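Starting from the known structure of chain A, arrange chain B on it as the hints suggest.
First to last, the sequence lines map onto chains A and B. Take any residue in the first sequence, count from 1 to its spot, add 435: that is its number in the numbering used here. Take any residue in the second sequence, count from 1 to its spot, add 435: that is its number in the numbering used here.
Calculated directly from the structure, the hints in this document are not laboratory data. Each hint should be verified, as a subset may be incorrect.
Copies of the same chain look alike in the list, so a pair counts if it works inside one copy or between any two.
Stated by the list, open to error - Derived DSS-like pairs (lysine-lysine); straight-line CA-CA distance at most 30 Å:
(1) LYS439 <-> LYS496
(2) LYS443 <-> LYS496
(3) LYS476 <-> LYS459
(4) LYS439 <-> LYS459
(5) LYS476 <-> LYS496
A quick note: this is a predicted structure, and the numbers were derived from the prediction, not measured.
2 protein chains.
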Amino acid sequence: GDAKAGRKSAIACQTCHGLDGVSKLPEAPNLSGQVEPYLVKALTEYRDGGRRNEIMNVVAKPLSDGEIADLAAYYASIQVDVLPPG
Amino acid sequence: GDAKAGRKSAIACQTCHGLDGVSKLPEAPNLSGQVEPYLVKALTEYRDGGRRNEIMNVVAKPLSDGEIADLAAYYASIQVDVLPPG
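For reference, chain A alone in the conformation it holds in the complex (with noise of 0.2 Å):
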């Protein structure tokens, strides 16, 4: 996927998940650093709806292939500094 397109699509996203992937809402996840793989999985899930999700079911519907694995190599792409538990 191609991070720099899947920024502008992102738009799209930002309310519930963040420009930078930081959920605003609590029934939204963090997106930031996520696995590519499991992003286009879980986008390409909501889309086809083997994955249920009242606003994810509907956002995910026009989605492409491409843009799909464009959104999820942006997120992805995000860098995140995990601090080790104590």
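Below, chain B alone, put in the same frame as chain A:
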């Protein structure tokens, strides 16, 4: 949920998700610092079958609501710094 108790239960999650919540497999999402209510929902749906995944449906099956709350509290408690995308 009790993050300390969750850390003990997370031994069962670490092969795929890491004890620090950093994924070890392309199919497994990162869990570090993930939104706590989202994690509770995901695990509950995996346990109850509303969300389908061969591995997660099996490993979530025996979890009580309390164990789910503890696991969610543990992974949510891991601190993550997000570097704003360029």
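Hint-by-hint comparison with the structure:
For the identical chains of this complex, LYS439 and LYS496 are intra-copy neighbours only, at 21 Å inside a copy versus 40 Å across copies, given an alpha-carbon limit of 30 Å. For a Cα distance limit of 30 Å, the shortest separation of LYS443 from LYS496 inside one copy, 18 Å, qualifies, whereas the shortest one across copies, 39 Å, does not. For the homomeric pair LYS476 and LYS459, the shortest alpha-carbon distances inside one copy (22 Å) and between copies (16 Å) are both at most 30 Å. In this assembly of identical chains, the alpha carbons of LYS439 and LYS459 lie at most 30 Å apart whether taken from the same copy (22 Å) or from different copies (26 Å).
In this assembly of identical chains, LYS476 and LYS496 lie within 30 Å of each other by CA distance both inside one copy and across copies; the values are 14 Å within and 22 Å between.
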